[in-house]
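Protein chains in written order, with the working numbering: chain A, 61 to 736; chain B, -9 to 191.
Bear in mind the hints are in silico, worked out from the structure with no lab data behind them.
In this text, a Cβ means the ideal position worked out from N, Cα and C, and glycines have one as well.
Treat the hints with care, as some may be off.
From the structure, some residues in chain B lie toward chain A, with a derived Cβ separation under 8 Å [said to hold, decoys possible]:
hint, residue
1, F33
2, I38
3, A40
4, A41
5, F42
6, F49
7, I79
8, D135
9, I153
10, I155
11, F169
12, S171
13, L173
14, V176
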Amino acid sequence: MSIRSLSLPLGITAVVLCLFFGCCRYCSADEKNPDEALTYLKNLSIEQLASLEITTVSKTEERLSDADAAVFVITSEDIRRGGFTSIPEILRMVPGLQVAQIDGNKWAISSRGFNAWFADKLLVLIDGRSVYSPLFSGVYWDIQDTLLDDIDRIEIIRGPGATLWGANAVNGVINIITKRAKDTQGGLVNAGGGNIEQGFGSIRYGGKIGENGWYRAFAKYFNRGPFKLRNGHDAHDDWDLGHAGFRMDLEPSPKTDLTLQGDIYTGKTYELVQFSPLGRSNFYGTQKTDLVGGNIIGRWSKRISSSSNMRFQWYYDRTERDANYVKEAVDTLDLDFQHSFQAFKRNNVIWGLGYRLIHDNLPQTEIFYFRPKSRIDNLFSAFFQDQISIIQDKLDFTLGTKVEHNDYSGFEIQPSTRIRYKPDQHQTLWAAVSRAVRTPSRADQDMNLILSTFKTGPTLNSVILRGNKDFDSEELVAYEAGYRYVPQRRFSCDIATFYNVYRGLRTSRQGSPEPPLFTLPPPARRIIPLNILNQYHEDGYGLEISGTLELAEWWKMSMAYSWLKLRLHTDQKVFDMELGEGNIPRNQISFRSYMDLPANFQIDTFVFYVDELPEMHIPAYTRLDIRLGWNPLKNLSLSLKLQNLLDNQHPEYKDVGSFIASEVPRSFYGKITWSF
Amino acid sequence: MELLNYKKRKRCRRLSIFPCCICLGIIAYFFSIPQSCCLAASFKPDQIKAAFIYNLTNFITLPKAGHTKDTFIIGVIGNKDIAKNLRVITKGERIRGRPFYIKSIDSPADMIDCHVLFVDTQALIQPRLLKDLADRGILTIGDTDDFLKNGGIIGLLPRRHRIQIVINMQAARRAGISFNSKLLKVARVLWSQGHVEAGQW
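Construct all of the structure, not just a fragment, from the sequences and the given hints.
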């Protein structure tokens, strides 16, 4: 490795060390003396006391700040100050996550490598509802939307989360959690627009139902214009979506919570495609996809005591996508029960049961068909996890496993063991070994996709990517360790490192051509199959560092750095884009700064650097986004967001199969928010 | 040719990022955090509760009868840390000319001469005893919903990462305690028992 290629990691280390020691210098003073804290508190007025935040009230938050995993939390403040308009863009700040925009409405998002449009090793949940597609194993980011003002927080867990969350949480889990209806009372109106954001607006209203109930309802719509192709032409990748939803929370008793929430949406995405369907010449043009869907979630939770909780959740989700070449409709019904309690003083036990029913319908199109066309799948799961405290508040050991049965690969066992050591209340050291699997998707086993067609003599040959009934789960064994130092709320630092070993990764291999099929009218047809199979082994390691620093009451900064290396164990040339290092940046840095200026102005800066994607020939890029905000009145805020200021346009990802990638242009939009 | 340009671009970016990182680090080191901001960071609930109890004493008027001692006594049931914190806070302080005395309570008999009594979550106290304490004009402070429901006077209840003061006015009237209007502005006041039982908070 040359000195030059080391300069970036060295630079990052320098920054982290400087930040670290700089902060220790100033924070160690009052740490020695808790009496000073009391003197400070004593002199506060009653109003000031009432507005002080206490950090250890919520059990979940407590768990996150000293979690024994690589956890990153995006708060509602981060979302507001970032001025974001879509969920994928919010995720760019997270260390260890790869986010690349493929075109105006598609993203490749993954954790710790394997980044693709259908990144299949990252599980995403919105309010406990899985949005991971069981058909193509990945997430359709173009329909994952909600009113961003209503998001309470986004928790990102890098590394396997399968013991708690189940299959497909191989490299990470993203948990999007919306606010309770109680916290979104009153009205909120948003409207804005710009060059790419051609117009967006939303309205939300929250009120009370009787004495112990709250509700909110919202509607939103946006219309996004096209990006540019490399040659500067329009990429015709517009996107629009209308979305409405509600949430009701009831507290029939102080210890019981009931929630009912739901969403419906409809929209359209466009993309440039290049196909060569059976017996036809190349098709190059715009494809429209109609998106329709909705879901409804019910949740009941009961606090039995301070250490014991019970929760039952059900949801029903319907997702429909309709394009010329790909049509799908999926219904999902999910039941989930969890119970946590304390046993024998030293054990924190959590266990649960789950059932999911998935019904799909995939009509045949010119290039795509499934055998069978429609299928009903069942998923049964159970998990158990015990956190044993070896030395009270200092040393914990966690052991757990998930056992599930699916209709594709049968039983899957996904255990994990974790150890956590807290030398004092500000520091956490943790290490973990876990196993997780990516279970076969419907496409892996039942798909037939015509990739290309060509003629040899009188025979018409079709190359078909074909599912394999014997395709089994991809497997990961992960070794992780991390250190977190949170001396004060104003400074925190988190380091995580991992070594992952993958087995049986998916690839496709050409099978022997089938004998020609003579049809009337001629020509005869012959199929050349590309069979999907588990073949490659790979290992990877990496380092993720993040830190926050509040330099002053009015200035907060955050930084994240990730370094990632993956090694595919083969000497052959591999064409699968999602394998190996071809699709991941080795270095990524992000830097955020939130500044409160006088006269209620805010200036928020977001810079990130993404290394090159060598096999895709995507050069490294640095992106600068700036948001200017102004609150002229207490309930009125105006903001202007400037994105991608450093270049006219840059690519972030390559074409995916037949879909043509476009480049991210410079853009701006203004936004007005009024609450009442 | 295109490949060459691409490599050049890459190199330029790498080189320019390194000094940037160093500068940033140095700025972060020298741009020091003022000490007071560190103090304003997160506090333990026990510290905040102790500060609340001390602060509340400035906003209450206790009935004259029964409180003849020349010290102002705050009793704490079930939480030694709060008692310890209160001792630190009230050291050298006086209220209406009287010094504070903080007492950890072990038996009901110890409660009788208190002016203010804090009942921690961990301690169980019977509704009848709470009513009896109110009849004696003792201000009871607790930190659970149930405490108020059972006839406690002031609740310091955790609500969304903050502590909210909730006053059970009916119990306060029973004890003959009155509050400064400034406190009533900050607190949430439950005027009747009916409200309390509905458990709307």
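Evaluation of the provided hints:
Taking 8 Å as the C-beta cut-off, the interface hint given for F33 (chain B) holds, the closest approach to chain A being about 6 Å. A least Cβ separation of about 6 Å between I38 (chain B) and chain A falls short of the 8 Å threshold, and the interface hint therefore holds. With its C-beta approaching chain A no nearer than about 7 Å, A40 (chain B) sits inside the 8 Å limit, and its interface hint holds. Against a cut-off of 8 Å between C-beta atoms, the interface hint on A41 (chain B) holds, since the closest Cβ of chain A lies about 4 Å away.
Interface restraint check for F42 (chain B): the shortest CB-CB distance to chain A comes to about 6 Å, inside 8 Å, so the restraint holds. Hint status for F49 (chain B) relative to chain A: holds, with the closest Cβ pair at about 7 Å, below 8 Å. Taking 8 Å as the C-beta cut-off, the interface hint given for I79 (chain B) holds, the closest approach to chain A being about 5 Å. The interface hint given for D135 (chain B) holds, since its Cβ lies 5 Å from the closest Cβ of chain A, which is under the 8 Å cut-off.
Interface hint status for I153 (chain B): upheld, as the beta-carbon distance to the closest one in chain A is roughly 7 Å, under 8 Å. Because the beta carbon of I155 (chain B) sits about 7 Å from the nearest beta carbon in chain A, less than 8 Å, this interface hint is met. For F169 (chain B), the shortest C-beta to C-beta distance to chain A is roughly 11 Å, which exceeds 8 Å, and the interface hint is violated. Violation of the interface hint for S171 (chain B) is found here, the shortest Cβ-Cβ separation to chain A being roughly 12 Å, above the 8 Å cut-off.
Interface hint status for L173 (chain B): upheld, as the beta-carbon distance to the closest one in chain A is roughly 6 Å, under 8 Å. Satisfaction of the interface hint for V176 (chain B) is found here, the shortest Cβ-Cβ separation to chain A being roughly 5 Å, below the 8 Å cut-off.
Consistency with the previously given hints fails for numbers 11, 12, ordered from lowest to highest.
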